[in-house]
Amino acid sequence: MTIEEKLAQLMGDAIPDRMSESIALGTGLADGYDIYPSAVGDVVVTFNPEGVSSLTLSTDGFETYFEDRFGRPLIRAEAPRAWGAMIPGRIEAGSPGKLPVDLRSVTEFQSKVLLSAARIPRGEVRPYGWLARQVGNEKAARAVGSTMARNPIPLIIPCHRVVRSDGHIGAYSLGGPEQKWQLLTHEGAAPGILEELAAAHVRVQGNTSTGIYCLPTCRAIRRSKSENVVGFRSSEAAMDKGFRSCKLCQPA
Amino acid sequence: MSMDDLKRDLSQNLDTAFPRLVEHMSNRLFWGLRRMTGDPQYAEDLSQETLIKVYKALVEYHPQRIRELKLEPWMWTIALNLGRNHLRDRSRRPTIVAEKRDIATLDGDVSDDAAWQDRLDRLPTAQRRAVVLKHVVGLSIAEIAEVTERPEGTCKADIHRGLRKLKEIMEAEDDH
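Chains as they are written, first to last, in this note's numbering: chain A, 988 to 1239; chain B, 30 to 205.
Any given hint could be a false lead.
[Claimed, not checked] Here are the simulated BS3-like cross-link-like pairs (lysine-lysine), alpha carbons at most 27 Å apart as the crow flies:
(1) B:Lys185 to A:Lys993
(2) A:Lys993 to B:Lys194
(3) A:Lys1085 to B:Lys82
[Said to hold, decoys possible] Partial chain A-side listing against chain B, Cβ under 8 Å, derived:
(4) Ile990
(5) Glu991
(6) Pro1003
(7) Met1006
(8) Ser1098
[As the list claims (entries may be wrong)] Residues of chain A placed beyond 10 Å of chain B at every Cβ, according to the derived structure:
(9) Asp1000
(10) Thr1051
(11) Glu1054
(12) Leu1061
(13) Ser1082
(14) Ala1128
(15) Ala1130
(16) Arg1220
Simulated from the structure, these hints should not be mistaken for lab results. These numbers come from a predicted model, not from an experiment. Virtual Cβ for every residue (Gly too), placed ideally from N, Cα, C.
Required output: the full structure, derived from the provided sequences and hints.
Have a look at this one:
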């Protein structure tokens, strides 16, 4: 055999294990996933070079769910070194902070709504209508509701802090209302009190000593002495009594 | 499946066609780079980075440009450039000599594979690269000149000298 013929045989046909998977992850043609603990149990977080793409409960069939919804396969992997270590802290904080999020799976409007929801402080809640106003379309409360239902990254984008416009806690995509209750309790948002206020048709609360009215979980009204707090059925009712709206929670 | 079909598919739907390009090329890149560098881990890293870079480039390219690409030489150009940049990054610090042949050897005669890798490792880098691209990977002289950014005459000379050196090495082995 000549040297040339021998050299031609040096082209092997096996490639290292997982090399094509690494390429799929590097190009973003597949997402990686890892499992993290959270206040509602273990969750699966998926990621690609653009950022974190989804979060779901760690239950059977999450791989099928992901592939159906996002159109890409999932591969068990470690999150990118540049920002992967931030994930556990952002799950607990309930906000993305500097963690990159990949919202290519939703529309531009939905992405805007989700990023607004991400700014609701921990321990507080906001009604759908409030969020609609934040994105400049007061009439879009319904669209905001369905956006929350389709939030690809719950917990990190805290849709559990968005409640019905009548003040009731409402539905939750990561599990159900029980999980929403559990999370709000975990964050100190007192869902029991919120439900009582909703049942009593109290939407906003005013402080008689400052003359300012707030949404019930606003840190300003929570700091007020309870004997100074009065409830109203609407912002209009509070304004009729001479209260002005709070600049922190922007109830109207 | 011809390269032209693959290029047409890549130009029409990159995301669905790209895995086929990976399938077709990762083997060739890995083994070519492995023969060139003698370092399986480095060859694996470099093959991966090359294919990821290729994807990112194709995303930006107009379909017409994809169809006109000389796909394999273009990919080798990217691979060798990445290798050079990587070597430049490493050039300022001492590096350990890579542990060789601990993964993915040829089927069959493992010692023969090792012997051939040793022989290749003893060639000067330019000669080894040219010999591997010509006789292991199977590129033409014109393609090798393009990929290595050297004149065709120089590439031919490198291949010629490399083969002669391999022959000398083997003759020296026979004398033992």
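Hints versus structure:
1. Of the supplied pair hints, the one linking lysine 185 (chain B) and lysine 993 (chain A) holds, its CA atoms being roughly 19 Å apart against a limit of 27 Å.
2. Using a Cα cut-off of 27 Å, the hinted pair lysine 993 (chain A) and lysine 194 (chain B) holds, with the two alpha carbons roughly 15 Å apart.
3. Of the supplied pair hints, the one linking lysine 1085 (chain A) and lysine 82 (chain B) holds, its CA atoms being roughly 26 Å apart against a limit of 27 Å.
4. A least Cβ separation of about 5 Å between isoleucine 990 (chain A) and chain B falls short of the 8 Å threshold, and the interface hint therefore holds.
5. Evaluation of the glutamate 991 (chain A) hint against chain B yields a held restraint, the C-beta minimum of about 5 Å falling below 8 Å.
6. With its C-beta approaching chain B no nearer than about 5 Å, proline 1003 (chain A) sits inside the 8 Å limit, and its interface hint holds.
7. For methionine 1006 (chain A), the interface hint holds, since its Cβ comes within 8 Å of a Cβ in chain B; the closest pair sits about 6 Å apart.
8. A distance limit of 8 Å between C-beta atoms decides the matter here; for serine 1098 (chain A) the minimum to chain B is near 21 Å, and the interface restraint is violated.
9. Look at aspartate 1000 (chain A): its CB is around 6 Å from the nearest CB on chain B, not clear of 10 Å, so calling it non-interface is violated.
10. With 10 Å as the threshold on Cβ separation, the claim that threonine 1051 (chain A) sits away from chain B holds: the shortest Cβ distance comes to roughly 20 Å.
11. The Cβ of glutamate 1054 (chain A) lies farther than 10 Å from every Cβ of chain B, with a closest approach of about 14 Å, so its non-interface assignment holds.
12. At roughly 15 Å from the closest C-beta of chain B, the C-beta of leucine 1061 (chain A) stays outside 10 Å, upholding its exclusion from the interface.
13. Annotated as non-interface, serine 1082 (chain A) keeps its C-beta farther than 10 Å from every C-beta of chain B; the closest such distance is 30 Å.
14. In this structure alanine 1128 (chain A) is separated from chain B by more than 10 Å, as the shortest Cβ-Cβ distance comes to about 36 Å.
15. The beta carbon of alanine 1130 (chain A) sits about 29 Å from the closest Cβ of chain B, which is more than 10 Å, so the claim that it is off the interface holds.
16. Here arginine 1220 (chain A) stays apart from chain B, with its beta-carbon at least about 53 Å from theirs, past the 10 Å limit.
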